[in-house]
Amino acid sequence: MKNNNYTYKTVFGLVFLLIYSCGIEKYIPKGEQLYTGAELELETVSDLKDIKEVKTELFNLIEPSPNATFLGMKPALFFHYKAQREKPGFFYKFLNKSFGEEPVYFSEVNTERVEELILNRLDNNGFFYSRSDSETTIDGKFASVNYSASLPEAYVLENYNLESDSLPIYKEIEKMLPETALVKGDRFDLDLLKAERARLNNGLKQRGYYNSQEDLLIFEADTNQYKNKKFDLFLRLKKDVPARASIPYTIDSITVYPNYSIEGDTLPLIKNNVTQVDSIDFVQNELYFKPELLKSYLLFNEGDLYDASISKQTSNRLSALGSYKYVNIQYTELDTTATDGDSGSLAANIYLAPLTKRSIRAELQAITKSNGFTGPGILLTHSNRNVFNGGETFSVSANFSYESQLSSGNNSSLSSIAGGISADLIIPRSIPFSPSRFKYAVPKTKISLGLDFLQRSQLFTLNSVNGSFGYTWKENQYVYHQLDPISINYSRLTNVTDEFQTILDDNPFLSLSFEQQFIAGLLYNFTYDEVSNINKEYPVYFATNFDLAGNMLNLVSGSSKTIFGSEYAQYAKVDADFRFYMRWQKERTLVSRIYAGWGLPYGNSQTLPFVKQFYSGGPYSVRAFNIRSLGPGNFNAQTENATTDYFDQSGNLKLEANVEYRFPLFSYLKGAFFIDAGNVWLTGNYSDIEDDQLTSSFSQNLFTDGKFEKDWLKEVAAGVGFGLRLDIQNFVIRLDLASPLRVPYLPENNRWNVPFFGNIDNNMTLNFAIGYPF
0 MKNNNYTYKT VFGLVFLLIY SCGIEKYIPK GEQLYTGAEL ELETVSDLKD
50 IKEVKTELFN LIEPSPNATF LGMKPALFFH YKAQREKPGF FYKFLNKSFG
100 EEPVYFSEVN TERVEELILN RLDNNGFFYS RSDSETTIDG KFASVNYSAS
150 LPEAYVLENY NLESDSLPIY KEIEKMLPET ALVKGDRFDL DLLKAERARL
200 NNGLKQRGYY NSQEDLLIFE ADTNQYKNKK FDLFLRLKKD VPARASIPYT
250 IDSITVYPNY SIEGDTLPLI KNNVTQVDSI DFVQNELYFK PELLKSYLLF
300 NEGDLYDASI SKQTSNRLSA LGSYKYVNIQ YTELDTTATD GDSGSLAANI
350 YLAPLTKRSI RAELQAITKS NGFTGPGILL THSNRNVFNG GETFSVSANF
400 SYESQLSSGN NSSLSSIAGG ISADLIIPRS IPFSPSRFKY AVPKTKISLG
450 LDFLQRSQLF TLNSVNGSFG YTWKENQYVY HQLDPISINY SRLTNVTDEF
500 QTILDDNPFL SLSFEQQFIA GLLYNFTYDE VSNINKEYPV YFATNFDLAG
550 NMLNLVSGSS KTIFGSEYAQ YAKVDADFRF YMRWQKERTL VSRIYAGWGL
600 PYGNSQTLPF VKQFYSGGPY SVRAFNIRSL GPGNFNAQTE NATTDYFDQS
650 GNLKLEANVE YRFPLFSYLK GAFFIDAGNV WLTGNYSDIE DDQLTSSFSQ
700 NLFTDGKFEK DWLKEVAAGV GFGLRLDIQN FVIRLDLASP LRVPYLPENN
750 RWNVPFFGNI DNNMTLNFAI GYPF
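Each residue of the sequence shown is one higher than the one before, starting from 0 at the first, in numbering that gives the first Met the number 0.
No lab work stands behind these hints: they were computed from the structure. A couple of the hints might just be wrong.
Claimed, not checked - In silico DSS-like pairs for lysine-lysine, Cα to Cα no more than 30 Å straight-line: (1) Lys204 to Lys535; (2) Lys140 to Lys92; (3) Lys535 to Lys51; (4) Lys228 to Lys238; (5) Lys48 to Lys229; (6) Lys170 to Lys193; (7) Lys311 to Lys289; (8) Lys96 to Lys25; (9) Lys86 to Lys140; (10) Lys193 to Lys238; (11) Lys226 to Lys193; (12) Lys193 to Lys54; (13) Lys86 to Lys29; (14) Lys294 to Lys473; (15) Lys535 to Lys473; (16) Lys92 to Lys29; (17) Lys140 to Lys25; (18) Lys226 to Lys48; (19) Lys535 to Lys48.
Said to hold, decoys possible - Restraint-style ranges between C-beta atoms, simulated for each label pair: (20) Arg84 to Ser308: 55 to 63 Å; (21) Asn462 to Leu378: 13 to 21 Å; (22) Lys324 to Glu38: 52 to 60 Å.
Predicted model, so just to flag it, every value in this text is computed and none were measured. C-beta: ideal position from N, C-alpha, C; glycine also.
Given these sequences and hints, build the entire structure.
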């Protein structure tokens, strides 16, 4: 009852604050009226199929925007007024900083300007000779405006033609006209005309017209041929267009400077410095980049027509090599005096300024992992760029860390020492494929080899060797691929303590997962990411991973389940992560996320390897629950007196959903409210395990309670919370305080909980992490 009283008081306090925020009239200065907004009415002579779109476009012209309302109240304005007092107090300062809005008064409204904007926009949309008016309503301390507009019948397109001329440029424009977005019957639309002109200009620049410009193209509308409101559209070049703008240009010569200095130390073009490959001159005093390899990144050749898009793609490809900090392609007109010729010529000069060849980087890290381990670490990396004079980068890294598990209940005493050394060779081309086959960006070949060790206190030591061979490439601005056709990992479990051996004996599912010492297969990742584009208001993110192991080894080993004396894993695993972002002013963002993953062991594997299993709970998952404290299903490790539930609560199926609202507080400090839901389950037939190795009630309950069945929704965990983020140039330190809303391992009729006020164990969880959760 006491917790319920707290809940009622909190709700009552919020409701009272909202109601109190209605009383803003007394804060409005004398002689001012608070602007409450505007309405817009349209009068048309005929039905318009897109009247809603026209009205929305016109309504967006109305300025200024009134103060925001919530349930008929203006809490944001109220917080601003309260913060302007002589002694506002921390509470109102905080609310004003986070949510407050300055008042919008009627004196700031210019109705005549809005009427002019509406008329201008109607003209641009073909509604010529429209009329606009406004009417102001003042009610005490408040004022509003009602705008109206009378729309005549709009002018529509009948014919779209190109004026004839003997210049070659007209022939190229004529070839592009069939792809126009202008269609007979369309209403006159100035924006469409601008877009058509931009399309034609871009097309000309891809057809050799180096000096083409949008403003050289002119549209003329003729209504004299029709009694009703129709018009013919004619396209032509401006009069007195410079000859250089109306002729195509051919690339006459290409010179590349692979070792250019941005300080202006250009290399003299003398014979001893020049290497020619396919008529392309490479100028370098000493060999820095092999010309025959560098040539393959160029998408244009001598004799090609100038193409602006190809030039940009070439620049992107050269920048993606990883060897250059500066890429600049400059064109010089060679025949600038000809005014009546059919074509011109260009000299292309490509200046490439190299990055520092060798570098050493040392990082002191504060590490927080998805499994809940947090602690200090050090990373040392030595990089050698352009090591074989073909843009290759060879790097060697060594790392060491000490970690302790936080926010994990019974496992809070776990700690680990980890370290390793790895070597990577990145080759900026796809062996054995030619770079010229890829237009946007050249795939990179990556060869990796690493040694790692992990010592878990009181449990075990895990040594592993891993290697991979694969490719990474960008298909376009948003799409990224990674394919590792060869991925090998061999791990060996040593120094197993009696405590951990007991865990393995009690849980055959876990024991089998550690027996899969050899993992060899194929990995593929697809990512579509619009989030980095800050101009997108509603960006999306989608990533999926495919992991297929053991097939090739099965062909090699035949009926044997081992290779080189070690048992190897066979499984297929896939996961998908979808996120949708809604961005507002003042760095406010609403992020929603859905995640699903499923792994299927087969062949000589009865379970997924431990490192490939899914888990739920923790700072990157359902934050109201500790790491690995959820699942599988409604399994309750606490009632089983599990020695270390960290290893018991995983599965081969995972479903999660999250919603988070992010907002600024002070300077680099951000805030967030969130709700998370999800769990893990077991799928498949474990009859072989059940027959041979299920000897304890613990194991039996694990498989019974953890199976994914039709009532899986009843086993979904949920939690809510709020957090603080210290965000300094994309380096984020995050604190999240969360509380369970639904607890799946409790009795079915007792799974709902009042967040922060309920009386269940572990009613609040504090998560410390680095980086945003998603």
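Going through the hints against the structure:
At most 30 Å may separate the alpha-carbon atoms for a hinted pair to count; lysine 204 and lysine 535 meet this at roughly 27 Å. A C-alpha spacing of about 25 Å is found between lysine 140 and lysine 92, which places the hinted pair at or below 30 Å, so the restraint holds. A C-alpha spacing of about 24 Å is found between lysine 535 and lysine 51, which places the hinted pair at or below 30 Å, so the restraint holds. At most 30 Å may separate the alpha-carbon atoms for a hinted pair to count; lysine 228 and lysine 238 meet this at roughly 29 Å.
Proposed proximity of lysine 48 and lysine 229 is supported: the alpha carbons are some 18 Å apart, at most 30 Å. Between the alpha carbons of lysine 170 and lysine 193 the distance comes to roughly 21 Å, so the proposed pair stays at or under 30 Å and holds. For the given pair, lysine 311 sits about 22 Å from lysine 289 by alpha-carbon distance, which is consistent with the 30 Å threshold. Using a Cα cut-off of 30 Å, the hinted pair lysine 96 and lysine 25 holds, with the two alpha carbons roughly 22 Å apart.
Proximity of lysine 86 to lysine 140 is assessed by CA-CA distance (about 25 Å); at most 30 Å being required, the pair is judged to hold. Annotation: proposed proximity of lysine 193 to lysine 238 holds, straight-line Cα distance about 19 Å (limit 30 Å). Note on lysine 226 and lysine 193: the hinted pairing holds, with a Cα-Cα distance of about 27 Å set against a maximum of 30 Å. Using a Cα cut-off of 30 Å, the hinted pair lysine 193 and lysine 54 holds, with the two alpha carbons roughly 21 Å apart.
A threshold of 30 Å between alpha carbons decides the hint, and for lysine 86 with lysine 29 the separation of about 22 Å falls inside it, so the pair holds. Taking the CA atoms of lysine 294 and lysine 473, the gap is near 20 Å; set against the 30 Å cutoff, the hint holds. Between lysine 535 and lysine 473 the CA atoms are separated by roughly 20 Å; this keeps the pair inside 30 Å, and the hint holds. Under the criterion of a C-alpha separation no larger than 30 Å, the hint pairing lysine 92 with lysine 29 is consistent with the structure, at around 24 Å.
Restraint check for lysine 140 and lysine 25: satisfied, since their Cα atoms lie roughly 9 Å apart, inside the 30 Å limit. Pair hint lysine 226 plus lysine 48 holds up; C-alpha atoms about 23 Å apart against a cutoff of 30 Å. Between lysine 535 and lysine 48 the CA atoms are separated by roughly 29 Å; this keeps the pair inside 30 Å, and the hint holds. As the Cβ distance of arginine 84 to serine 308 is approximately 59 Å, the hint placing it in 55 to 63 Å holds.
For asparagine 462 paired with leucine 378, a C-beta distance near 20 Å keeps the hint of 13 to 21 Å intact. The given range of 52 to 60 Å is respected by lysine 324 and glutamate 38, whose C-beta atoms sit roughly 56 Å from each other.
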